[in-house]
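**Student:** Letter by letter, the chains look like this.
There are 2 protein chains.
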Amino acid sequence: MKVLGIVAEYNPFHNGHMYHIEESKKLTGCDAVVCVMSGNFIQRGEPAIINKFARTEIALGHGVDLVIELPVPFAVSSAEFFAYGAVSILNSIGIVDCLSFGSESGDIQSLQELAEILVSEPESYRNELKSQLSAGLSFPVCRQKALEKYLKTQDKSNEALASLLETSNNILALEYLKALIKLNSNIQPSTVKRISNSYNTQELTGDISSATAIRNIIHRSKVVFGSQAMPLLAQKILEREISMGRGPNSLYSYENILLAFLRRATPQELESIQDVSEGLEYRIKNAAENSGSFDELLANICTKRYPKTRIQRILISLLAGMKRIDTEKFMKSGGPQYARILGFNEKGRELLSVMKKKSAIPVVTKASGYKTSSDSLVSRMLEIEAQATDTYVLAYKNPAFKKAGQEFTQNIVICR
Amino acid sequence: MKVLGIVAEYNPFHNGHMYHIEESKKLTGCDAVVCVMSGNFIQRGEPAIINKFARTEIALGHGVDLVIELPVPFAVSSAEFFAYGAVSILNSIGIVDCLSFGSESGDIQSLQELAEILVSEPESYRNELKSQLSAGLSFPVCRQKALEKYLKTQDKSNEALASLLETSNNILALEYLKALIKLNSNIQPSTVKRISNSYNTQELTGDISSATAIRNIIHRSKVVFGSQAMPLLAQKILEREISMGRGPNSLYSYENILLAFLRRATPQELESIQDVSEGLEYRIKNAAENSGSFDELLANICTKRYPKTRIQRILISLLAGMKRIDTEKFMKSGGPQYARILGFNEKGRELLSVMKKKSAIPVVTKASGYKTSSDSLVSRMLEIEAQATDTYVLAYKNPAFKKAGQEFTQNIVICR
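Protein chains in written order, with the UniProt record's numbering: chain A, 1 to 416; chain B, 1 to 416.
It is worth saying that the hints were derived from the structure and are not from the lab.
There's no promise every hint is true.
Unchecked claim - Per label pair, the in silico range of CB-to-CB distance:
id, chain 1, residue 1, chain 2, residue 2, range
1, A, Glu123, B, Phe408, 49 to 59 Å
2, B, Pro307, A, Ser138, 51 to 61 Å
3, A, Ser277, B, Thr365, 37 to 47 Å
To be verified - Straight-line Cα separation of at most 27 Å, DSSO-like style, residue types lysine-lysine; simulated pairs:
id, chain 1, residue 1, chain 2, residue 2
4, A, Lys285, B, Lys2
5, B, Lys403, A, Lys285
6, A, Lys371, B, Lys285
7, B, Lys285, A, Lys323
8, B, Lys403, B, Lys2
9, B, Lys182, B, Lys152
Glycine included, C-beta positions come from ideal geometry on N, C-alpha and C.
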């Protein structure tokens, strides 16, 4: 079998995701698909609209054969750590031949050239980046400006490369490529050009704004039936979850918990969270005192320098009890400490048995068996995941599904 | 002026409370009334249905001239500490001549006799109490049994005294009397026999079950209009608060916050709360994991040994960030560290000016002035109060009133 690796959130799964899986298989000639997927919290610093096992079920119904969890310290993280964590897992499990991701550009050569520059960080680029950052803007903006200036000084044909950084999927694509370079991986990258949803917003053809559009509809109306944007099975499972009182979850569901946690936290505790530094802890603390709603809280913290996603990731870290030191330890030890299986189909079962022999990291099919692992990094990573889930489920309407410890009792999804 | 002291919660204020104030004034001949009132959380371990300033406004409209806050470490506490805290404030402020409380008995002599025994704790009674407690029942039950046995061994006419311990208002009355004895106070106690509401449940004449009945109606229907149980002004203020989105608060409003706090807390942190010992911390922790709702949480913790009110008080302590060591420190230093004024009318203003000269503890009219008091007990007691309020307001429907720090910005109530 030739195995394709993909990285996804499926929040929720829609036609664009199906298009990506099908095109990627054609493009790479792969006949099996492993997906590393965010768990109950996602990269933009939000709870997933439905839980990871339901989303796994949907993925397995639409061309994915094996789903592995991207642990929350990497899932709820900058594009760089997110991509590194996911690619690191795909690289470690030893069975993946190709990696395919969406991009606005669709041009793997240009993306690869740019990725090489970003990894090698030539000195003049690095200096320019530093001077940009000192002006107080966000990292992505500074990076793009620094790169533009750097490329202008280079007498090359790739002067236009910096413009690749203007769109979010190219940026993520670059991070996948950077991760492959850093990991010295043999996995072959390729990219599928994304179909813009501006072409036909009624059909919501699958870029980020269409996922956002679908989520907005679901949060507003609590129904998904009749949507043209999602395959029928995905709709049905989403509808089932909502009717059972398990979602749709949103950050608003955690408004009071967040305000209570923040009002109780000391600035020192906040400062121990990834990405909280230079007094941001006091800014957050003050905002929590002076806000009566989640929207107010965000508005009182966010600035150009502190964009919404960064702040939301910090808030999710607080909910999950996850500290900067955790991420630092995991990164020092190579990234994700295990490959935790969320589900598989028949083909996925075959992949799994090969993977168990070849993987450089533990393959976890039964989380409870690793709860008290002698490897403290493994047990800590799992503990963070469990804490995240214990908070995630509090947003459910149905008390029967709000109990803690589900991380260790929920069976993985097996599709036949 | 002859000054009457009373202790109350007014949760909510009803006809029985008005009857108590009027009868007490007649009984004692007092012409001014100082009330020590629970703040935003009450003795049975619940949030007050509406906030303390609104309840102060109601009290001032119905015969009370000056309202002083019973600090949360005493308000949310056993009958003994509750009564001691309140009587200690009335004793410390130096202006109170009489204390009047309700009781089922209505017989101050008998109550006083029993209180003397309970304070002096004769050795044979103490031994009997110990042996009862070792059987694992709750303290009130054991105390009554021990007292019955002790009184039988005494060849006295007061053999029936133990039966006074059968009803909740007698028990509280005894605690007021015990506190007066312990404080060696000059305040003259008297008691008003409570009118049972079983006499006429339609008119809900003011015992504990009628307050409960009123609360139940309010929580169910969110309206109080048309109620015969409350004076009109009390109804109007209650209705105003609810229509503004400030109540009715109940423990259910804190369900998710409590579950999130408990799931994050370590057993050691729980063990540091007053009344958590002998493994109760693990029982609470397990219950928080295995419960999806507040009702389930309580059901999973409570037993005969751990009655509901004790558990609820522990949960409120958690919400307020209040530890056993706090209460111990306050008690070592004589109880409440200040008399914090919640409101007054013209007569109350006169009382206040005399009180400022005579009081043995600081008289706080502007809480913000004591936020950073050099007296660490004063600032800590105020910090707990502020934390309690910061959590209390999270149950409001209206985000405009959910901000923190209201403890230091809210003006006291002045009625002309």
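**Student:** Next pair to validate is lysine 371(A) with lysine 285(B); report whether the Cα-Cα distance is within 27 Å.
**Tutor:** holds (18 Å)
**Student:** CA of lysine 285(A) to CA of lysine 2(B), is that 27 Å or under?
**Tutor:** violated (48 Å)
**Student:** Does lysine 182(B) pair with lysine 152(B) here, judged by a C-alpha cut-off of 27 Å?
**Tutor:** Given pair lysine 182(B), lysine 152(B) holds - Cα atoms ~26 Å apart, limit 27 Å.
**Student:** Confirm or reject the claim that proline 307(B) and serine 138(A) have a C-beta distance inside 51 to 61 Å.
**Tutor:** The hinted range 51 to 61 Å holds for proline 307(B) and serine 138(A), with Cβ atoms some 54 Å apart.
**Student:** Could you see if the CB distance from glutamate 123(A) to phenylalanine 408(B) stays within 49 to 59 Å?
**Tutor:** With a Cβ separation near 53 Å, glutamate 123(A) and phenylalanine 408(B) satisfy 49 to 59 Å, so the hint holds.
**Student:** Can you confirm whether the C-alpha distance between lysine 403(B) and lysine 2(B) stays at or below 27 Å?
**Tutor:** violated (41 Å)
**Student:** Take the C-alpha atoms of lysine 403(B) and lysine 285(A), compute the straight-line distance between them, and say whether it is at most 27 Å.
**Tutor:** holds (12 Å)
**Student:** With a cut-off of 27 Å on the C-alpha distance, tell me whether lysine 285(B) and lysine 323(A) pass.
**Tutor:** Answer holds: lysine 285(B) to lysine 323(A) is near 22 Å, not above 27 Å.
**Student:** With respect to the beta-carbon atoms only, verify the hint that serine 277(A) and threonine 365(B) lie 37 to 47 Å apart.
**Tutor:** For threonine 365(B) against serine 277(A), whose Cβ atoms are near 41 Å apart, the range 37 to 47 Å holds.
The earlier numbered hints that this structure contradicts are 4, 8.
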